[in-house]
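Chemist: Single-letter residue listing:
Number of protein chains: 2
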Amino acid sequence: MSLPRIAVDAMGGDEGVQTMISGAALARRRHDKFKFLLVGDETRIKAALDAHPNLRGASEILHAEDVVSGDEKPTAALRRARKTSMGLAVDAVKRGQAGAAVSAGNTGALMAMSKLALRTMPGIDRPALAALLPSLGDNDVIMLDLGANTECDARNLIQFAIMGAAYSRIVTGRDAPRVRLLNIGTEETKGTDELQQAAQRLRAATGLAMSFDGYIEADKINRGTCDVVVTDGFSGNIALKAIEGAARFVTDLLRTAFTSSLRSKVGFLVSRPATELLKHHLDPNNHNGAVFLGLNGVIVKSHGSANAAGVANAVDVAARLLEDDLTKRIAADLSELGEIRVRGRARARAEGESA
Amino acid sequence: MSLPRIAVDAMGGDEGVQTMISGAALARRRHDKFKFLLVGDETRIKAALDAHPNLRGASEILHAEDVVSGDEKPTAALRRARKTSMGLAVDAVKRGQAGAAVSAGNTGALMAMSKLALRTMPGIDRPALAALLPSLGDNDVIMLDLGANTECDARNLIQFAIMGAAYSRIVTGRDAPRVRLLNIGTEETKGTDELQQAAQRLRAATGLAMSFDGYIEADKINRGTCDVVVTDGFSGNIALKAIEGAARFVTDLLRTAFTSSLRSKVGFLVSRPATELLKHHLDPNNHNGAVFLGLNGVIVKSHGSANAAGVANAVDVAARLLEDDLTKRIAADLSELGEIRVRGRARARAEGESA
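These protein sequence lines are chains Y and R, in that order.
Note that our numbering numbers the first sequence so that position 112 is 112, with each residue one more than the last.
Note that our numbering numbers the second sequence so that position 58 is 58, with each residue one more than the last.
Hints may contain errors.
The list treats identical chains as one, so a pair stands whether inside a single copy or across any two.
Claimed, not checked - Calculated lysine to aspartate or glutamate pairs in the DMTMM-like style (CA-CA distance at most 20 Å, straight line):
id, residue 1, residue 2
1, Lys-190, Glu-151
2, Lys-73, Glu-187
3, Lys-73, Glu-188
4, Lys-94, Asp-140
5, Lys-190, Glu-72
6, Lys-328, Asp-193
7, Lys-190, Asp-71
8, Lys-73, Glu-217
9, Lys-94, Glu-60
10, Lys-33, Asp-316
11, Lys-73, Glu-60
12, Lys-328, Glu-188
13, Lys-33, Glu-244
14, Lys-190, Glu-217
Hints in this document: simulated from the structure, not taken from any laboratory.
Pulled out of the complex, with its shape left as it was, chain Y reads as follows (with noise of 0.2 Å):
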């Protein structure tokens, strides 16, 4: 069986069609088997294609008059979507002449159009956007819900962490990610009754193809003792921004301090793989390619101001994600519950009878 295409929206982003261009070509080179469906002003991505032989071998140009602008509200872009590069490569998706599209553009015009065009797999409510971030583990950590949905109940809870597992399958290659809930301290008791309540049914199913390991606090996230953190879309996003924000504040001092004397510089300047090896941890580029996980058809964004190589990353997380069919994983981590659900009932039904 060939592998679907990846549709890339060659318009979205800060940095334009070049670096979208020039970020799937990087892709292309990684995972040489796959096709792109490239979808924006025909010209311009001709023009840069013009130096990526390799990628113009293994597309098609998909034309779109228009472009999904960033500070556009969901519900004018959804009205146009027909004519944009982002509304056409999400099509294009559920049309199956591609299985994964990749945008740069306007987050919440992507999931609207995701949602509608795509709509959520049977047995999951609401799609999830999830993120890799780093960790001082031997792994990045997949954290989600990161701003999708505002408020959640148990039920979305669950659904979260059967769906981050599965993408932590494909990304770690253990057979049972740890899966921990963000929570404001890792007693039974804290937390919302949400919270307990998804705790308390995650710890009674048996038989999912994952670990749950109860709470964790934000703290330690980047530990590397947690494969999943599932959390609402506010608090993850809370959560998400605040480690960004901080990693910054904490790289901004050492800046300051490192070019305010000489003495500094030169030990700046000596411990260069140090501040390398931070810049490789820190680097959001590493890290791009945030995943929509739940609908019919895998949806990556890339980050609005990602270099060439960010491009790349959130490619090559399409790549793998079709590679490993995680839709299907999905579907057969939720069956599952299905029938841990069925024996629960038919246990206590049991039980009840012999009561």
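Place chain R on chain Y using the hints.
Modeler: The following block gives chain R in isolation, referenced to the frame of chain Y:
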């Protein structure tokens, strides 16, 4: 008028009596007009005071038989409050024997005891936990609530804004501290209904001793563009811990890198001023002393693992809040808000009549 005393729970905290007494002695040097009430095991406090004759001369000892343990449930601690050093320190504030209490013990127990003994101020529905965070600006930023209230309505958030602004005026000397609500975007339509209502009412209010600037995202908390960040206790706890965790993550990465090669080790030594600056900004001891705002009395929570310098900073916070009479300031601001409401109603009535 003589200044009220500061009660110090000498038994709380992981570091023991010596650290608490050394910390109080350090603070006493900076605030030499203050008297202290040292609460806990009399023998151990006396022994610790041998090294600090300066503090001994300004202190009275209040013996307590018992200690609240770190993992004790607040309800259990409440039942035997009268025997514990924490309970007696809070009780001293209630009886007017001290103006403020400082404890490094169990946060939940301290909050429960303080609420029960001191009650909330007239006009305040719920107290909030506020802390000072480092920033790139000229002053620390105050964030509240940090976990006292898992869920908050618009009215709570407005009261937190008023309390935070009063605290910030003391810390920063600004007449109108810049106050913002923590949210997942800065557009008016972002976030929960509670946030939107609170923002609307704060925007409409005039005459409050603050400059309300709308929403702030979690990556901007430390940028120095805002003096008070207002949030519910769940999100505040997540944001605070995410910042702590990310700062530790970055410094851990740096440490690993700096110790991995001789070249880096040399770099580390040469760039000592840079790492000292970092340590100064990120050392939690330099920002120690979270305050329960909104009670009839000042209660300061010192971090359990704070060293003597950290404890001194927590006592320092208590001293500054007493010197500037925080409680009176909040009461004045609340009555101002009351007047705004009354004036608003009177105007609405007048407009109704003239229509």
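Chemist: Next step is simple, just say for each hint if it's right about the structure.
Modeler: Structure-based check of each hint:
For the homomeric pair Lys-190 and Glu-151, the shortest alpha-carbon distances inside one copy (18 Å) and between copies (12 Å) are both at most 20 Å. In this assembly of identical chains, the alpha carbons of Lys-73 and Glu-187 lie at most 20 Å apart only when taken from different copies (11 Å versus 41 Å within one copy). For a Cα distance limit of 20 Å, the shortest separation of Lys-73 from Glu-188 across copies, 13 Å, qualifies, whereas the shortest one inside one copy, 40 Å, does not. Taking the shortest Cα distances, Lys-94 and Asp-140 never come within 20 Å of each other, neither inside one copy (30 Å) nor across copies (50 Å).
In this assembly of identical chains, Lys-190 and Glu-72 lie within 20 Å of each other by CA distance solely across copies; the values are 14 Å between and 39 Å within a copy. Taking the shortest Cα distances, Lys-328 and Asp-193 never come within 20 Å of each other, neither inside one copy (31 Å) nor across copies (37 Å). With identical chains, the CA atoms of Lys-190 and Asp-71 are at most 20 Å apart between copies only, with a shortest distance of 14 Å across copies and 38 Å within one. In the homo-oligomer, the alpha carbons of Lys-73 and Glu-217 lie at most 20 Å apart only across protomers (19 Å), although the nearest pairing inside one protomer, at 34 Å, exceeds that limit.
For the homomeric pair Lys-94 and Glu-60, the shortest alpha-carbon distance inside one copy (17 Å) is at most 20 Å, but the shortest distance between copies (76 Å) is not. When the C-alpha separation of Lys-33 and Asp-316 is checked against a cutoff of 20 Å, the pair qualifies only within one copy, where the shortest distance is 12 Å, while the shortest distance between copies is 65 Å. Neither within a single protomer nor between protomers do Lys-73 and Glu-60 lie at most 20 Å apart by alpha-carbon distance, with minima of 30 Å and 64 Å respectively. Taking the shortest Cα distances, Lys-328 and Glu-188 never come within 20 Å of each other, neither inside one copy (33 Å) nor across copies (39 Å).
Taking CA atoms no more than 20 Å apart as the test, Lys-33 paired with Glu-244 passes in neither setting, with 34 Å inside one copy and 43 Å between copies. For a Cα distance limit of 20 Å, the shortest separation of Lys-190 from Glu-217 inside one copy, 11 Å, qualifies, whereas the shortest one across copies, 25 Å, does not.
In this structure, the earlier hints numbered 4, 6, 11, 12 and 13 are contradicted, and the remaining ones agree with it.
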